[in-house]
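S.K.: Now for the letters of each chain:
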Amino acid sequence: MAGRELDGQVFDVVLLGTGVEQAIVASEAAAAGRSVLHVDRSGWYGGGYACFTPSRLVEWAGGARDRRLVPRVELAENTAGAAAESALAGVRQGEREYALDLAPRAALCRGSLVELLIDTGVGDHVQFRGVEHNYLVRPGGPPQRIPASKEDVFASAALSLVEKRKLMRLLATVGDDAQYAAAVAAAGDAEFSQFLRDRFRLDGDLLDAVRYAVARVGPGEPVAARAGCERVRAYVRSMGRYGRMAYLCALYGSGSEIAQAFCRACAVAGGTYVLAADVGPVTRAPDDDDGSGDGDGDGARFRVPLAGGAVRARHVVMDASYAPPDAVRVASTLSRAICILDRPALGDDATATASYVAEQGAVSLLYTTRATMSAPAGRAVLYAWTPGALDERRGLLASALSATHGPAAAPLLTIYMEVNVLAAAPVEHVPGLHIVDTPDATLGLEPAVAAARRILGPGLGIEAYM
Amino acid sequence: MAAGEPTAEEREQARRRVEQYRALSARVDALRRRGEASHAALDATRELLEQNTELHTVWGYRRRAFAGLAEWQDPERRQQLLEAELEFMQRMIRRNVKSYWMWGHRVWVLEALPRPRWAHELALAAKLLAVDARNYHGWNYRRFVVARLRAAAPDGGRAVDESEFAFTTEQITRDCANHAAWHNRSRLLPAILAARDPPARAAALAAEDALVLNAIYTDPDDQNAWLYCEWLLDIQPDDQARCRLLRARVAAIRELLDLDEACRRPLAELAAALVELDRLDPGAVAAAERAECMRVLERLAADPLQAGRFRDQRAALGRQWGVAAQTQEKVAV
Chain D
1 MAGRELDGQV FDVVLLGTGV EQAIVASEAA AAGRSVLHVD RSGWYGGGYA CFTPSRLVEW
61 AGGARDRRLV PRVELAENTA GAAAESALAG VRQGEREYAL DLAPRAALCR GSLVELLIDT
121 GVGDHVQFRG VEHNYLVRPG GPPQRIPASK EDVFASAALS LVEKRKLMRL LATVGDDAQY
181 AAAVAAAGDA EFSQFLRDRF RLDGDLLDAV RYAVARVGPG EPVAARAGCE RVRAYVRSMG
241 RYGRMAYLCA LYGSGSEIAQ AFCRACAVAG GTYVLAADVG PVTRAPDDDD GSGDGDGDGA
301 RFRVPLAGGA VRARHVVMDA SYAPPDAVRV ASTLSRAICI LDRPALGDDA TATASYVAEQ
361 GAVSLLYTTR ATMSAPAGRA VLYAWTPGAL DERRGLLASA LSATHGPAAA PLLTIYMEVN
421 VLAAAPVEHV PGLHIVDTPD ATLGLEPAVA AARRILGPGL GIEAYM
Chain V
1 MAAGEPTAEE REQARRRVEQ YRALSARVDA LRRRGEASHA ALDATRELLE QNTELHTVWG
61 YRRRAFAGLA EWQDPERRQQ LLEAELEFMQ RMIRRNVKSY WMWGHRVWVL EALPRPRWAH
121 ELALAAKLLA VDARNYHGWN YRRFVVARLR AAAPDGGRAV DESEFAFTTE QITRDCANHA
181 AWHNRSRLLP AILAARDPPA RAAALAAEDA LVLNAIYTDP DDQNAWLYCE WLLDIQPDDQ
241 ARCRLLRARV AAIRELLDLD EACRRPLAEL AAALVELDRL DPGAVAAAER AECMRVLERL
301 AADPLQAGRF RDQRAALGRQ WGVAAQTQEK VAV
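Chains as they are written, first to last, in our numbering: chain D, 1 to 466; chain V, 1 to 333.
Any given hint might turn out to be false.
What the hints assert, rightly or not - Listed below are the simulated EDC-like cross-link pairs for lysine to aspartate or glutamate, each with C-alpha atoms no more than 20 Å apart in a straight line:
1) Lys150/D x Asp221/V
2) Lys150/D x Asp260/V
3) Lys98/V x Glu50/V
4) Lys127/V x Glu170/V
5) Lys150/D x Asp205/D
6) Lys127/V x Asp74/V
7) Lys98/V x Glu87/V
8) Lys150/D x Glu50/V
9) Lys150/D x Glu170/V
10) Lys150/D x Asp175/V
11) Lys127/V x Glu87/V
12) Lys150/D x Asp222/V
Keep in mind that the hints were calculated from the coordinates and are not lab data.
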């Protein structure tokens with residue numbers, strides 16, 4: 001019994017939850033020679049980034065689901081009665097070939113995660129496919145491809161000549177260091193969309209495409225011109241590294257597979273892993289007592305109850321779902337949808353991102369197929385998500401899904417979820433205790449790397465690859 | 001021993017290789033002087049050419065050796081010999097794609113073959129261009145193969161021309177700065193136009209203009225599109241069509257400059273277009289546009305590297321149009 005074996009042991013770092021952030025910290029800590037214990041109360045890796053087959057997802061929804069993290073899950077079949085049965089049968093057939101992400105993710109080709117995967121060698125254990133297309137979707141559709149390179153712009157049938165010129169000006173400015181610096185300096189405090197209108201004369205579809213689909217700014221999220229331009233630059237710089245794509249998407253689980261790869265690296269470097277373990281509330285001995293009661297001053301102030309026993313740690317890293325209620329707040333709420341399509345509407349062996357922009361709001365989408373081993377051949381999984389509570393956003397999600405897959409495909413099964421982004425409450429910081437937010441609405445994994453770095457550097461004093 | 005310096009063993013191996021090469025070269029040279037046309041000669045030349053594709057005298061000798069064989073006269077044997085030669089050349093292409101002598105030899109082989117497979121050769125050229133869209137050898141060889149296909153075609157080559165034209169469209173779409181593709185297109189267009197009846201001809205020309213405008217709006221400073229523009233002007237059926245084209249061009253350039261004052265080439269082209277318009281249709285360019293043209297030339301003359309050219313042009317135009325060439329305001333230096 002893991003708890004008995006570990007009982008009383010002292011670790012430099014104990015990590016709770018096997019999300020991407022903790023996995024990166026664990027892997028780097030172990031590589032730096034720290035003793036690491038990494039625990040997850042679930043029987044699988046990934047935490048908030050976990051990946052399920054449809055039946056496992058349904059099982060999780062009814063059972064082990066953390067209701068603070070995911071308050072609501074609804075299943076919607078496209079029809080009722082006997083037709084619903086056959087629809088579900090369509091999903092059950094080959095259902096083990098589905099990999100449904102709770103938090104779909106991608107990585108910029110020249111972003112911090114890809115660089116980390118290369119530098120640490122962890123990338124050897126993950127396979128990726130490129131996200132080949134990026135779409136802008138309006139109510140009613142159809143999805144329009146967004147060009148992001150000169151070749152794409154030239155070949156695009158959707159842009160007018162004037163729009164092509166405007167977009168090329170933006171791409172050229174962003175791609176050239178001197179011009180970019182000058183543009184950003186001239187922007188001052190301007191807001192991003194206003195800046196795009198003033199300096200590049202973008203409007204209409206082109207403006208929305210750059211704001212939502214390239215810079216991936218959320219609806220109503222106020223973004224300064226500088227920050228927005230940085231995002232456009234990161235996107236454009238990522239194009240061409242591995243082909244005509246700005247993002248990569250991991251196979252077998254866009255977030256969980258990456259978390260697992262880092263966990264594997266941690267284990268190889270000596271870290272200990274315990275899954276399906278009951279974790280109790282973490283307590284901290286006061287500063288003038290190391291908590292062991294034997295006065296040996298080993299600095300391991302934290303006590304982590306674990307599966308019948310307890311371990312001690314100098315540092316504890318957890319995602320907010322492991323923190324007690326008074327230490328946690330709901331930073332934001334998202335509505336998510338996972339839609340299994342009966343036909344691969346946007347390509348049989350393709351991966352794509354899309355942005356649905358309507359008056360009521362904007363929705364991010366990710367389209368996956370067998371290309372990322374997310375679905376069996378002939379099927380597809382379309383993810384959609386938007387900020388807000390499910391009751392308010394369900395209709396918007398449904399519109400976004402149907403406009404994106406269009407009449408060419410029909411949903412076999414749609415799962416709606418309301419997800420809270422949990423974060424540490426603004427209480428006094430406890431030295432040695434590091435709480436990361438649970439997964440939010442961003443598409444990229446770069447913020448997860450940044451969160452890991454904040455813990456590794458300032459928190460644990462580890463500089464490797466950071 | 002420093003890293004990268006050859007070991008004694010490596011030096012010995014290199015020395016032996018040089019010795020073998022020199023011996024082989026001497027043997028081939030001796031065969032060549034004797035004018036021997038035999039299988040032994042073919043074997044020796046092949047061995048030497050495998051090591052060095054640039055020995056054009058040896059390629060020449062190899063051709064004479066082939067032609068001097070007794071079995072050369074028998075078409076079946078010739079077919080077999082040359083098919084084997086093509087296979088040999090296929091291996092060599094991978095080693096050195098840009099050897100003039102090798103491609104020249106291949107052309108000789110295809111011309112000497114009793115039954116050449118042109119479709120296969122076309123596929124080879126396409127593969128070369130897929131790897132490197134600007135490979136001169138690829139385009140040149142493609143033109144050679146296409147010319148043969150055209151000559152052999154029962155419809156006088158119309159289908160070949162159309163498919164080649166479509167090929168250039170594909171290449172330009174892939175990279176609108178591909179000069180070789182635009183050039184090839186310009187060589188095919190007259191035949192394409194001639195094969196269509198007048199209404200379809202006008203539509204085809206309009207499509208060309210749309211294509212070139214697309215390239216100009218995507219990259220206004222790239223010279224390929226502008227060169228094609230100029231050529232399109234020539235190929236118009238009459239001056240009236242030319243004037244219409246120039247007017248459309250002027251409007252497009254004005255729109256471009258409105259969006260992006262920084263591009264230079266469109267400025268120069270605007271002046272050129274107005275001047276040409278005036279030449280074709282005197283009086284078509286009114287006073288306001290003439291003044292605009294003079295201002296444009298003034299702006300272009302601000303570049304010290306091109307000041308002389310544009311100032312001269314401006315002065316000459318000034319005399320021709322009776323417009324003052326000197327500006328009243330101070331010129332920014």
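S.K.: Now, for every hint given, state plainly whether the structure supports it.
M.R.: Taking the hints in turn, this is what the structure says about them:
With a CA separation close to 13 Å, the supplied pair Lys150/D and Asp221/V stays within the 20 Å bound. Straight-line distance between C-alpha atoms of Lys150/D and Asp260/V comes to about 17 Å, which keeps the hinted pair within the 20 Å bound. A distance of roughly 15 Å separates the Cα atoms of Lys98/V and Glu50/V; the hinted pair therefore holds under the 20 Å criterion. The hinted pair formed by Lys127/V and Glu170/V meets the criterion: a straight-line CA distance of about 14 Å does not exceed 20 Å.
Distance restraint check for Lys150/D and Asp205/D: the Cα-Cα separation of roughly 18 Å lies within the 20 Å cut-off, and the hinted pair is therefore satisfied. Our distance criterion of 20 Å between C-alpha atoms is broken by Lys127/V and Asp74/V, whose separation comes to about 33 Å. As the CA atoms of Lys98/V and Glu87/V are separated by approximately 18 Å, the hinted pair is consistent with the 20 Å bound. Restraint check for Lys150/D and Glu50/V: not satisfied, since their Cα atoms lie roughly 41 Å apart, outside the 20 Å limit.
This hinted pair checks out: Lys150/D and Glu170/V have alpha carbons roughly 15 Å apart, not beyond 20 Å. Proposed proximity of Lys150/D and Asp175/V is supported: the alpha carbons are some 8 Å apart, at most 20 Å. Taking the CA atoms of Lys127/V and Glu87/V, the gap is about 16 Å. The hint holds against a cut of 20 Å. The hinted pair formed by Lys150/D and Asp222/V meets the criterion: a straight-line CA distance of about 12 Å does not exceed 20 Å.
Hints 6, 8, counting from the list given before, are not met by this structure.
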